[in-house]
Each structure stands twice: as C-alpha cells, then as structure tokens.
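**Q** Based on these hints, arrange chain B on the given structure of chain A.
Number of protein chains: 2
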Amino acid sequence: MFNRRDALKSIIVGGAASVFSPNTLLASTAPKKEKLGIALVGLGYYSTDLLAPALQMTEKCYLAGIVTGTPEKAEKWKQKYNIPDKNIYNYQNFDSIANNPDIDVVYVVLPPSMHKEYTIRAAKAGKHVFCEKPMAPSVSDCMAMIKTCNDNKVSLAIGYRCQHDPNTQEFMRITKEKLYGKVRMVACGTGYFDNRTTHWKQNKALGGGVMGDMGVYALQGARLATGEEPIAVTAQASTTRPEIYKEVEETMMFQLQFPSGALAACHTSFGIQMNYLQVNYERGWLRMDSLSNYSGNKGSHSKGIIDFPIKNQQAKQLDEDCMALMNSTQLIAPGEEGLRDIKVVEAIYKAAQNGGTVKI
Amino acid sequence: MFNRRDALKSIIVGGAASVFSPNTLLASTAPKKEKLGIALVGLGYYSTDLLAPALQMTEKCYLAGIVTGTPEKAEKWKQKYNIPDKNIYNYQNFDSIANNPDIDVVYVVLPPSMHKEYTIRAAKAGKHVFCEKPMAPSVSDCMAMIKTCNDNKVSLAIGYRCQHDPNTQEFMRITKEKLYGKVRMVACGTGYFDNRTTHWKQNKALGGGVMGDMGVYALQGARLATGEEPIAVTAQASTTRPEIYKEVEETMMFQLQFPSGALAACHTSFGIQMNYLQVNYERGWLRMDSLSNYSGNKGSHSKGIIDFPIKNQQAKQLDEDCMALMNSTQLIAPGEEGLRDIKVVEAIYKAAQNGGTVKI
Chain A
1 MFNRRDALKS IIVGGAASVF SPNTLLASTA PKKEKLGIAL VGLGYYSTDL
51 LAPALQMTEK CYLAGIVTGT PEKAEKWKQK YNIPDKNIYN YQNFDSIANN
101 PDIDVVYVVL PPSMHKEYTI RAAKAGKHVF CEKPMAPSVS DCMAMIKTCN
151 DNKVSLAIGY RCQHDPNTQE FMRITKEKLY GKVRMVACGT GYFDNRTTHW
201 KQNKALGGGV MGDMGVYALQ GARLATGEEP IAVTAQASTT RPEIYKEVEE
251 TMMFQLQFPS GALAACHTSF GIQMNYLQVN YERGWLRMDS LSNYSGNKGS
301 HSKGIIDFPI KNQQAKQLDE DCMALMNSTQ LIAPGEEGLR DIKVVEAIYK
351 AAQNGGTVKI
Chain B
1 MFNRRDALKS IIVGGAASVF SPNTLLASTA PKKEKLGIAL VGLGYYSTDL
51 LAPALQMTEK CYLAGIVTGT PEKAEKWKQK YNIPDKNIYN YQNFDSIANN
101 PDIDVVYVVL PPSMHKEYTI RAAKAGKHVF CEKPMAPSVS DCMAMIKTCN
151 DNKVSLAIGY RCQHDPNTQE FMRITKEKLY GKVRMVACGT GYFDNRTTHW
201 KQNKALGGGV MGDMGVYALQ GARLATGEEP IAVTAQASTT RPEIYKEVEE
251 TMMFQLQFPS GALAACHTSF GIQMNYLQVN YERGWLRMDS LSNYSGNKGS
301 HSKGIIDFPI KNQQAKQLDE DCMALMNSTQ LIAPGEEGLR DIKVVEAIYK
351 AAQNGGTVKI
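Protein chains in written order, with the UniProt record's numbering: chain A, 1 to 360; chain B, 1 to 360.
Looking at chain A on its own, in the form it has when it is part of the complex (with noise of 0.2 angstroms):
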C-alpha cells in the first residue's frame, strides 16, 4: 500500500532510483505539501522561546510535534499548540516517529553531547535533521552524522540562523565582491553573563564549555568576515569564576590565521556580554554591533551602514531550510558546515591545552 509517508518519502527524497545528492533533493511530478512537519526534539528555553513562536510565523513549515521526557512539557504543549496525541513522543519511542508522516524533519534542540544521537535516530527514522549549533563535541561525532543522514538520504541543517539574516549576509557580500580590498585583520567578541551554576553549558559530559556554545559566533564571524578556513589557531583558555567552571572553560580567547594572511583575533565568555565584529580591510573597514543577537544586528563600514530589517530571525531560517529541502536546493548551512567548525573548535582546544600553535 502506498501511505502517506511513502508518497512524502518519494516527494522529498525523489524515489530510490533517483541520484541522490545530499542536501539537493531532486523535484518530483507528485504533489508536494505545502508545509512540512517539523518536530522539535528538546523543549528547554530555545524551543520555548525561539523555536515554538517562529514556527507561528513560518510559511513552509509548522509545528507540527514534540519530542520530550517531561510529560508535563508535553501536555502543556499540546494545550498550547494544538498538537495531536500521535505527535508526541519521549525519548523511549521516539524512532516509532518514522511511522508519522506528518513529521517531515526532526529539529535536534538538545544538548550538544546528544546531538549525534537524535540526528542519527531521526536519519534512521527517514526524517530530515535540523541540529543545533554546535553540531555536536567532537569532529568524529560530526563526521557520524553527515554519514548516517547520507546513508539514510536525509538531508542534515545545523541551525547557524546568522546565516540567513540578511545583516550577516550583507558583511560576507563585502568581503566576497573584495568592496575593501582583502579582509586583513578579524577581531569578534561574543559572550553574555551567565548566572547559571548547574546547566549542560557548565558541564562537560553534555558539552558544556563557552567555545562550543558563544565561542562558534566569534567563530563564524571569523569565518564568514574573511570567506575563508583558518589553517593554524592559539588559545588561551581561563575563568574568573572556578567555582562554578570546574570542568570547562568559562572564557576563550583565540587567534586564527587564514591562507591569505588575514588574521583573527576572536573571544568569548560565559561571563563577559558583548557582541561585535570588527574587520579591518586592505582600504577600509567594517563593523558589525551587534553581530548574533536575535535580533537587530546591524554594523556600518567605510562607505555605508548594515541594517537589512527581519522579521523573526528564526522564522526565516526555518522556512528557507525547508525551501531548499522541498525545492531540492543548496542548504545556507548543512552539516559540513558545522563540521568546519568543529575542526576549529577542537584545534582550540587542543591548542587551550598544549599553549603552542595548532596546525588545522
């Protein structure tokens, strides 16, 4: 019997005789649906308060169920959001969640330790993966999920939502069309003041650590502002507050150096707020303050100002995802982009630890 989910598979995947290419679906003559189904994985304060009320304002997609371990989340949930009985699962039977054709794609929301995990089980499900940054501790744990969704011919987005705010795009354009000249030198800062003691960002076994968390926007404002991977990184990793960051770092300030010869100079904290990105051109500069906030990122260059107005950031990155999966088009973001970061992560790491330079 062809069932619903069979007709969605062929939709999205584009039938098992097609070629497959991952992150570019193929197109089918079957009719496609005009939302998909997304089920958020992890209900914490993203989900809560980001992710739930995006998905009030998406065009391609909806809320469509949940996963979570906390029966009271769920019902509160379901009153909230009108989600069927059928649409909700714990982690105990969360792979029945490949017999729900009404789950499109499994948004991963959880601690980063458990990213590899539900990404794989969404991948063996048949389910497309949105993670969230970071993609998970470990480039091994990266590398097993870009394979377990190829296998499973599931496309895999991590969650960078910068790149899809037309501030952040605007920098990278300027870089890219060379308006300056070559991007010479990066300097981003990103951190908050957390009061928290006992979250999974202060806890290593679940991925804690600011590098993995805060420091992947200093990262990628690195990254994006210069267009190119880092070959070589020093860190210095530190805290002002043993106490509480026992197992990880509560602040991490790293250097990059890129083939070109820019160079980056990139901090970040659970104990520090700031937010900016300076870049510093062969014939002018650039400034992005704030740079990765939710929203009302903007900055301003030599010749003029960055301030491209958005509606919800998230919003926008949940729709031009699920574009590109019904569309069968390039992913902003897919997992090897998240895997690019992952190698720098560990490098620094690595580099935190040994005080020397780390080759990438």
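Misleading hints may appear alongside valid ones.
Identical chains share a label here; the pair holds if one copy fits it or two copies do between them.
Straight-line distance between alpha carbons at most 25 angstroms, and here's what the computed DSS-like set of lysine-lysine pairs gives [unchecked claim]:
1. Lys316 with Lys298
2. Lys153 with Lys60
3. Lys246 with Lys182
4. Lys246 with Lys359
5. Lys359 with Lys298
6. Lys78 with Lys60
7. Lys124 with Lys35
8. Lys298 with Lys311
9. Lys359 with Lys182
10. Lys303 with Lys359
11. Lys80 with Lys303
12. Lys176 with Lys298
13. Lys176 with Lys303
14. Lys182 with Lys73
If you're looking for bench data, these hints aren't it; they were derived computationally from the structure.
**A** Relative to chain A, chain B alone:
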C-alpha cells in the same frame, strides 16, 4: 660667577640643598622663565611635521634649538624657525649643550635604539629630557635612562601624547570611576600600512619592529582602559611581507591577563590600517574609534559619547609637561611609565618566541 644656567638650574631643580624628588621639582622664589627652551634631537618626520609646528602654538615652551647630523636640515630649520647658530648642534658637539642656558629641555626624537644614549647625554648635560615612545628597546635601557636622570636631578617625560588627550583621559576616567563596573574585556587594534622598506621600523638594530612602535599604542589602550598592569601575556608574531620584514615582525597579536581578571586581545601591524579600542565592562561598553590618531580621537559608551575638542595634541603635551617642570608637579607620563610598557613589550617578544604564557 652665578650665570644664567645656574640660575635656571636652581629654579628648575630647586637647588642642591632641597630634597630631590624625581618628576616633582620644588618651587623656588627665584624668577621663573615664562617659556622653557626646547631642543629637538633628530629632525625626521615627527619633529618636522608634528613637533616643530606644535612648538609654534605652545605657551609654556618654544623651539629654542635643534640637534641634527645633517647640515642641510640645520640650515633649513635655522631659516624657517629663526634659530640662532649657537643653539644648533650636531651629534659630536651635542654635549656642549650643557653650557647653553637657552635650552631647558632636550626632546629625543631619534630611532628607539638611540634613546638611551641621547637621554643619558642630555641628562649629564643637566637638561630635562622628553623622550619619544617607545622609551627604548629594552628594560635595561629604560632603567639606565631613569637612573641617570635621577642622578643628574633632571626630569624625564615620555612622549605619550595620547595621555594628554582629553579623549583618552575620559575613557580612563570611566574605568577609574567604575561607571559600568569592572573592566572584563579589552580589544585594541593599532596599525597602518607602512610601504617603506628600509626605515628604522624594519631594522632590528635601530629598535624596529611593530611591537615597540604601533604596538605600544595598543598596549597603552589596554593598560589605560583597565587601569591595571598585566600579569601574564601570550603573543603571536607574523608577517605577510617576509622580503621586507626580515629582522622584525610586521604584525603582533598579544593577549594580556590583568590582576582583576580582565583580559585584553591586542593586535598591531605595519601592514594593517586599524585604530580602535573596545572595552566591555560588567554593565556596559565603551568604544574609541579612533583611539590614538594625532587628532579627532573620539568614542562612545553605553550612556554617551566621547568627543572632546583638542587644538593640538603635541602642543598640549609639551605645555603640560613644561608646566609640570615649572610648577614642580607630577609629569603625566614620566620615565617609569615608559618602563612599564617596555617590561610588557619584552614579555610579549619572549612569549611570541617561545609560544607559551609569560608571567610578568
């Protein structure tokens, strides 16, 4: 016979019987000079384009003499500034300046490697010394300069023009008065594209290398913005033009740890145009852009702007330093301040060479 020089010495130094305190000159009942006579040693760009014009605007001092190894320059300056022959010296007869009552202060504007020799010769001639930054290439040079000035009961001021700039003083005030709480993070970039190839700045023996030159502005940015002395440094030297920067570094990134826990990420280059300071406090931020130009330095912070007019930075520096000499008050930037920077510069070079953290 009580000649004019002796009279001046008794005015400025306060007489042999008085308790001598370096940089604080005791008042005297003897009539004071209304303007101190300055002799510039070294007539390169900075003397020619900045100091000599400034000395036409000063109220407490004037261009009384010059010391140069180039007879053509001597003739040109003599004509332009109406300098009497008796106040024109070369490097051979320089020490006879001791007998010239017109000269109260010798301003050393030579390459850094020569600062020690000319500061010491000027001090031994009984003249006060203003010395350009960087004070000298080594801590031992700085200490010898301070000691000789003390031994000869003359004052020593380092040419930190920015410390006389009210825009600099304002960000120092904001830190000192804890307007936004403690400083947590400083980022500071100072540099320009130097297209010269055989200047002393590219010559190690003459005291070249970007760290002592533009790097001192970034270091001052971090030291003045925190109001603290760094206790540990890491650093990375690099160049994009090894054919020119054979002996010294073109670019230095350096990171500082301060006793309060504040951190600084600084970068300085002869290949990158940049001039800014970013400060993130516990409860606010501050940004100078530009930080250390000859004019037009300005900034903003969480609750306001920093934009104090200044007629001429060098004239203000010269007048304030001369007033300190005449009124027996503290110099804004005495030799000890130059030494504080060079201590850190030495640690930065060591850290860059060895790749680890150097404690200060």
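**Q** Is the C-alpha distance from Lys246 to Lys359 at most 25 angstroms within one copy, between copies, in both cases, or in neither?
**A** between (28 angstroms within a copy, 23 angstroms between copies)
**Q** Using 25 angstroms as the alpha-carbon threshold, which applies to Lys246 and Lys182: within, between, both, or neither?
**A** between (41 angstroms within a copy, 23 angstroms between copies)
**Q** State whether the alpha carbon distance between Lys303 and Lys359 is at most 25 angstroms within one copy, between copies, both, or neither.
**A** neither (36 angstroms within a copy, 42 angstroms between copies)
**Q** State whether the alpha carbon distance between Lys124 and Lys35 is at most 25 angstroms within one copy, between copies, both, or neither.
**A** within (22 angstroms within a copy, 86 angstroms between copies)
**Q** Within a copy, between copies, both or neither: where do Lys359 and Lys182 come within 25 angstroms Cα-Cα?
**A** within (22 angstroms within a copy, 35 angstroms between copies)
**Q** Under a CA distance limit of 25 angstroms, which applies to Lys80 and Lys303: within one copy, between copies, both, or neither?
**A** neither (47 angstroms within a copy, 40 angstroms between copies)
**Q** Classify it for me, Lys176 with Lys303: is the Cα-Cα distance of at most 25 angstroms met within a copy, between copies, both or neither?
**A** within (16 angstroms within a copy, 35 angstroms between copies)
**Q** Evaluate Lys78 and Lys60 at a C-alpha cut-off of 25 angstroms and name the case that applies: within, between, both or neither.
**A** within (21 angstroms within a copy, 80 angstroms between copies)
**Q** When Cα atoms must be at most 25 angstroms apart, do Lys153 and Lys60 count as within-copy, between-copy, both, or neither?
**A** within (21 angstroms within a copy, 81 angstroms between copies)
**Q** Treating 25 angstroms as the Cα threshold, decide for Lys298 and Lys311: within, between, both or neither.
**A** For Lys298 and Lys311, only the intra-copy Cα distance (14 angstroms) is at most 25 angstroms; the inter-copy one is 34 angstroms.
**Q** Check Lys316 against Lys298 for me: Cα-Cα at most 25 angstroms, and say if that holds within a copy, between copies, both or neither.
**A** within (17 angstroms within a copy, 38 angstroms between copies)
**Q** At most 25 angstroms between C-alpha atoms: does Lys176 with Lys298 qualify within a copy, between copies, both, or neither?
**A** Intra 18 angstroms, inter 30 angstroms, cutoff 25 angstroms: intra-copy only.
Against the hints set out earlier in the document, violations occur for numbers 5, 10, 11, 14.
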